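Whenever a hint applies, use it, and build me the whole structure from the sequences.
2 protein chains.
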Amino acid sequence: MNQQGEEFNVQLDGRLLFKHSPAKPFIFVGSGEETIDMYRGNFKIKDYVVERVALRYATVRHEGETCRIAFRHFSHDHELLTMVLKKDGEGLRVSFELVDPLFNRFWVRVAADESEKIYGCGEQLSYFNLRGKNFPLWTSEPGVGRNKSTYTTWQADVKDQAGGDYYNTNYPQPTYVSTNKYFCHVETTAFADFDFQRGDFHELHIWEAPASILFETGESYKSLVEKLTARLGRQPELPDWTFDGIWLGMQGGTEIVQEKIDRALEKGMKIGALWCQDWQGKRETSFGKRLMWNWKWNPEMYPELDQKIKEWKQQGIKFLGYINPYVAVEGHLYKEAYEKGYLATSLDGSDYVVDFGEFDCGVVDFTNEDACEWYQNVIKENMIDFGMDGWMADFGEYLPTDLKLHSGESATMMHNAWPVMWAKVNHDAVKKAGRWGDIVYFMRAGYSGTQGYCPLLWAGDQSVDWSLDDGLASVIPAALSAGMSGNGVHHSDIGGYTSLHGNKRDKELLLRWVDMAAFTPVMRSHEGNRPGDCCQYDHDEETLNHFVKMTNVFTTLKPYLKALTKENAEKGIPMQRPLFMEYENDKKAYDIKYQYMLGSDLVVAPVYEEGKDKWSVYLPEDEWVHFWSGKETNGGTVEVDAPLGETPVFYRKNSSYGELFKEAAKRKW
Amino acid sequence: MNQQGEEFNVQLDGRLLFKHSPAKPFIFVGSGEETIDMYRGNFKIKDYVVERVALRYATVRHEGETCRIAFRHFSHDHELLTMVLKKDGEGLRVSFELVDPLFNRFWVRVAADESEKIYGCGEQLSYFNLRGKNFPLWTSEPGVGRNKSTYTTWQADVKDQAGGDYYNTNYPQPTYVSTNKYFCHVETTAFADFDFQRGDFHELHIWEAPASILFETGESYKSLVEKLTARLGRQPELPDWTFDGIWLGMQGGTEIVQEKIDRALEKGMKIGALWCQDWQGKRETSFGKRLMWNWKWNPEMYPELDQKIKEWKQQGIKFLGYINPYVAVEGHLYKEAYEKGYLATSLDGSDYVVDFGEFDCGVVDFTNEDACEWYQNVIKENMIDFGMDGWMADFGEYLPTDLKLHSGESATMMHNAWPVMWAKVNHDAVKKAGRWGDIVYFMRAGYSGTQGYCPLLWAGDQSVDWSLDDGLASVIPAALSAGMSGNGVHHSDIGGYTSLHGNKRDKELLLRWVDMAAFTPVMRSHEGNRPGDCCQYDHDEETLNHFVKMTNVFTTLKPYLKALTKENAEKGIPMQRPLFMEYENDKKAYDIKYQYMLGSDLVVAPVYEEGKDKWSVYLPEDEWVHFWSGKETNGGTVEVDAPLGETPVFYRKNSSYGELFKEAAKRKW
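For the record, the sequence lines run as chains A and B. For the first sequence, UniProt numbering assigns the number 1 to the initial residue and increments by one for each residue that follows. For the second sequence, UniProt numbering assigns the number 1 to the initial residue and increments by one for each residue that follows.
The reader is advised that the hints may include incorrect statements.
[Unchecked claim] Here are a few chain B residues that face chain A, going by a calculated C-beta distance under 8 angstroms: (1) Val49; (2) Glu51; (3) Arg52; (4) Val53; (5) Ala54; (6) Tyr57; (7) Phe74; (8) His76; (9) His78; (10) Ser149; (11) Asp160; (12) Gln161; (13) Ile256.
Just so you know, these hints were derived from the structure itself, not from any lab. Keep in mind it's a predicted model, so treat the numbers as computed, not measured. Beta carbons are placed, not taken as given, at the ideal position from N, Cα and C, and that holds for glycine.
Laid out in structure tokens, this is it:
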């Protein structure tokens with residue numbers, strides 16, 4: 001903190017954080033009146049900003065280690081806000097308190113420079129370096145298409161208000177990492193909008209004066225994510241079995257599933273798990289086949305599943321299910337929750353159901369401890385005790401804002417907290433069963449704190465296409481930004497999910513996606529929302545054989561992947577990481593969003609365009625070996641052959657895993 | 001003005017205009033940083049509002065008839081704005097002065113009630129009652145499609161940033177008429193955004209504290225437009241010849257034009273004028289055929305045109321041309337203007353040209369008196385003296401904001417003024433030639449003041465389709481809102497203009513449009529931007545005969561139309577007017593935007609959907625006669641036969657023009 005007359009600035013370890021003068025103040029308070037409309041998880045958010053007042057005048061008072069600053073608008077009026085600066089470990093905690101209850105909006109400018117780059121804000125699918133854009137932070141459906149210039153987005157907007165835009169994500173987080181080597185984390189669950197478009201400041205807008213903002217610096221990006229995850233939590237190691245093969249997504253009942261397993265095993269596929277979403281039954285809608293949303297084994301559809309799960313487990317194949325935080329009105333769980341008062345209600349106390357696309361559900365109220373415990377028991381009894389080793393813990397983004405919650409908290413303020421509360425319900429159920437670090441559930445929704453409560457992210461519902469913003473490519477910045485936000489274990493639906501408005505999954509897309517997935521923490525396939533419109537892993541002999549080979553490549557990498565998941569569990573260093581995390585002096589590396597490093601030794605550059613047989617890869621200066629051909633190179637931009645089955649991958653020549661990588665490459669043949 | 005402690009309100013003739021209390025102030029000042037990007041007349045406008053301060057504390061001082069109010073933010077700080085209330089004729093003039101130079105943004109709330117409806121804001125094409133929406137007021141291209149859910153708009157956005165939205169218009173105006181029977185007119189040329197979405201106030205946002213706001217009340221809507229046009233100006237009467245037939249839009253050179261006239265006349269078509277845009281030559285672009293933009297007779301394309309104009313005039317057919325305020329770099333006018341220093345430059349003084357779609361033009365600087373005079377002479381010598389009786393005075397909306405103007409005024413502040421300055425150049429040229437009220441030029445761009453400088457509006461470039469926001473239907477609210485804004489003489493391109501992204505004009509659309517045009521002040525056809533993709537009036541015998549009949553209906557209405565244009569010239573009562581202007585007690589009439597009255601006696605309800613043979617019409621309670629069949633009815637919603645050639649029209653049974661209407665109806669047969 002340096003002060004000169006009415007001006008001052010705040011620094012941390014040499015990084016300029018705030019810069020204040022009456023002519024250019026850095027804090028603004030105001031009031032807004034929001035309108036929030038939700039349609040199936042897509043939110044239209046408008047804010048009518050009634051007032052936005054620049055806090056031009058500051059009075060600084062030092063109290064030992066603490067510095068307290070009182071802000072006014074003009075020099076003669078009353079204090080509107082106080083800010084307290086205080087060391088917190090190696091970081092700086094900046095706390096705020098609004099003095100005038102008029103205000104419910106807050107803007108703070110963090111000092112920036114033109115050349116600075118910014119990463120994080122949760123899982124961002126369109127941009128990795130966030131500079132030059134603003135990012136509303138509100139958990140929601142990420143959108144179908146996510147780019148107003150595409151046909152898919154336009155149709156999704158016109159027909160379902162569902163097209164989305166570059167910033168829509170299941171997992172936002174008010175945290176960023178700056179290339180000025182600090183992280184900034186805002187402690188709030190309120191709607192926020194981080195604006196990185198300005199030249200000499202970042203403007204963080206929050207629908208409250210946040211309890212505090214935490215800054216911490218680091219000497220490297222690895223140390224930054226280590227420090228960040230020390231605060232927010234870390235994922236446990238993925239259990240051994242997750243690297244023993246693909247998690248095959250399949251549906252249709254015991255008989256169909258058994259046939260599919262038999263065929264795949266016979267071909268030599270490595271199967272780590274079966275993943276059957278429809279273990280609890282299905283329904284038909286115009287969107288495609290949808291699940292029953294009553295979380296209990298459906299023995300009509302899956303006869304003898306209880307026995308089968310045991311048999312498969314003996315074969316080394318785990319069984320994974322599906323659950324989400326809603327209960328369909330037709331089911332017994334809804335009835336039970338309703339009777340016990342575990343469902344959120346309308347503001348006037350009347351019943352509230354959410355439309356999930358031609359069927360309605362109740363919202364289990366996670367602000368009610370008893371409701372959480374009841375839902376943990378549903379998970380424990382119907383899923384864990386039934387024999388599952390994991391599940392998709394879907395949704396979490398849909399909390400409507402016009403609900404009355406048990407705790408009395410506003411649903412608008414709890415909306416962003418909901419994914420973490422949902423993660424915690426799963427976490428507590430698994431912990432109680434003594435299975436933490438063994439059972440793996442995977443989530444798409446997230447927020448600050450997800451790190452400690454969810455072992456695995458998946459990238460949500462991509463379109464089954466080649467679009468940059470919603471197709472194969474988009475899951476790469478998703479993994480990287482999640483990693484920079486402290487969430488280092490990520491994967492995606494092989495082949496994507498959303499098949500709408502004429503979009504159908506073709507074989508080439510499916511194969512390119514499985515090629516990439518073999519170099520991610522987890523391989524998992526998905527049939528898609530309209531399985532009939534999507535090419536599947538068993539579409540033909542060639543496809544099946546392709547999956548066989550890539551699962552063998554993946555399982556061969558097991559020792560390497562195990563080391564990475566351990567590193568992430570211990571230090572929060574993401575398994576998939578940006579090139580600049582390993583090569584900090586390489587300036588080009590900071591702009592690369594469609595390549596990643598898997599650990600310290602592998603550069604992966606997935607082919608995300610159709611009809612390619614060559615691919616251009618950027619390699620930092622080092623000694624590299626092409627994974628498939630063994631050819632050596634020194635870095636720079638290189639063009640490589642990239643036929644199907646050979647996603648461009650290079651390993652560091654001096655890697656201690658060199659022999660393993662050679663072995664893995666051979667598995668393809 | 002009523003005051004009680006720190007609260008006060010301002011009324012005019014019983015209408016509550018402003019309501020102030022410290023808890024709910026009505027004026028806000030602030031500062032913003034705008035970004036304005038123009039691409040071919042389409043503007044992307046963003047405003048980063050740095051500050052918006054509620055003026056909570058007011059000190060009122062009465063000085064004779066004048067009331068002066070000083071506003072502060074909090075009670076103890078300095079004065080930020082003063083407001084002066086003063087009678088102005090029968091109106092109230094409210095003037096503002098910003099005390100603090102920090103601020104460049106202004107918001108004022110005018111008291112409203114839930115049931116109030118609002119009309120005006122210049123020429124609005126998507127909404128007539130403006131309640132429930134906000135309307136940015138900035139002259140621009142109106143957009144192709146103007147509705148994000150249509151294919152045309154989506155394609156126009158993706159390919160040309162040109163799709164537009166509901167509020168885009170060539171002619172915005174910061175004036176509205178309230179159903180609380182007052183008008184409000186803001187004296188500014190700054191960017192403004194009028195927000196009519198709130199329950200108990202309208203919020204008028206302006207990028208300056210406006211010089212003043214004028215309010216005036218009226219006992220009827222006719223008296224309101226009369227009072228408004230007494231302030232803003234009125235159109236002169238259309239000359240007699242405008243009702244003598246259609247203005248046939250044709251191009252291609254003397255020979256082609258002569259052939260077309262001969263054929264049309266032989267069939268019995270009533271032709272008031274020929275309108276040849278390409279009198280000055282043409283060029284080819286990907287958009288279609290475009291004009292040369294060098295405003296001088298092109299004798300290669302139009303040999304003997306000087307003689308022909310005289311011949312046609314003797315036949316009773318006038319000749320109309322085309323001009324706009326830009327000069328193409330290839331032409332001699334550009335060279336002349338450039339050498340004389342009559343073109344606006346870049347901010348650094350270097351040359352500036354505007355891209356008009358594959359060709360560049362200089363901007364004649366109308367803040368330079370000498371440049372205006374020079375351009376008036378171009379009009380006088382090359383057009384009036386050449387024998388023209390009128391022209392399309394196109395454009396006016398494109399003034400870029402990064403120009404340096406001769407007067408030193410900011411181009412951002414002059415942008416909205418430009419259409420009026422362009423109108424005035426035409427007006428002055430015509431006046432000088434002693435031809436005001438005789439020569440008719442028509443414009444699409446406008447702003448406050450256009451009323452007194454332009455004899456005729458046309459609705460701009462509709463898409464050649466049935467879309468509500470950009471097709472046939474849209475010109476009806478356009479005419480009505482322009483009328484409520486003091487511009488009572490309106491017409492449109494018969495058949496529409498814009499044929500892009502697969503849109504082609506079919507015969508049915510063309511015929512429905514000419515059916516409507518026969519009941520508007522002027523009939524004028526347009527070939528469209530891609531004549532080959534558009535059905536034309538001489539497409540086949542049936543189409544030609546249809547035009548023959550409708551032009552005969554139109555010319556028969558001449559005495560009625562002459563009375564209407566006189567009424568408009570004298571009192572500003574629009575020729576096309578909303579039903580509620582004649583039937584103030586009919587509540588339903590206030591929500592009708594796709595019907596109009598032509599004068600006091602005719603209700604016109606154009607068929608604006610494809611494939612109809614019946615049409616539903618709303619008639620206020622009165623005695624009505626169906627124009628075509630002579631059948632009588634008393635009002636309410638009636639269904640009528642509506643074959644091609646019989647646009648639904650009713651006349652008042654007690655109209656003094658009853659016999660004329662019967663006569664006109666016969667002309668169709």
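Status of the His78/B interface restraint (C-beta, 8 angstroms, chain A) | holds, 7 angstroms
Under the criterion of a CB-CB separation shorter than 8 angstroms, is Val53/B in contact with chain A as hinted?
-> holds, 6 angstroms
Does Ile256/B pass the interface check with chain A, least Cβ-Cβ distance below 8 angstroms?
-> violated, 41 angstroms
Residue hint Asp160/B, partner chain A, criterion CB-CB below 8 angstroms | Cβ of Asp160/B sits 12 angstroms from chain A, so the hint is violated.
Minimum beta-carbon distance criterion (8 angstroms), Glu51/B to chain A = holds, 5 angstroms
For the hint on His76/B, just tell me whether its beta-carbon gets within less than 8 angstroms of chain A.
-> This interface hint holds because 4 angstroms falls under the 8 angstroms limit.
Once the shortest beta carbon distance from Arg52/B to chain A is found, is it less than 8 angstroms?
-> holds, 5 angstroms
Taking the least C-beta to C-beta distance, is Gln161/B closer than 8 angstroms to chain A?
-> violated, 10 angstroms
Against chain A, with CB atoms and a cut of 8 angstroms, does the hint on Phe74/B hold up?
-> With a closest approach of 4 angstroms, the Phe74/B hint holds.
Once the shortest beta carbon distance from Ser149/B to chain A is found, is it less than 8 angstroms?
-> Check passed: Cβ of Ser149/B comes within 5 angstroms of chain A, closer than 8 angstroms.
Is the shortest C-beta separation between Tyr57/B and chain A less than 8 angstroms?
-> The hint is violated - Tyr57/B has no Cβ within 8 angstroms of chain A, the shortest such distance being about 10 angstroms.
Interface hint status, Ala54/B versus chain A (Cβ within 8 angstroms) | holds, 5 angstroms
Figure legend: structure checked against the earlier numbered hints; hints not met, in rising order: 6, 11, 12, 13.
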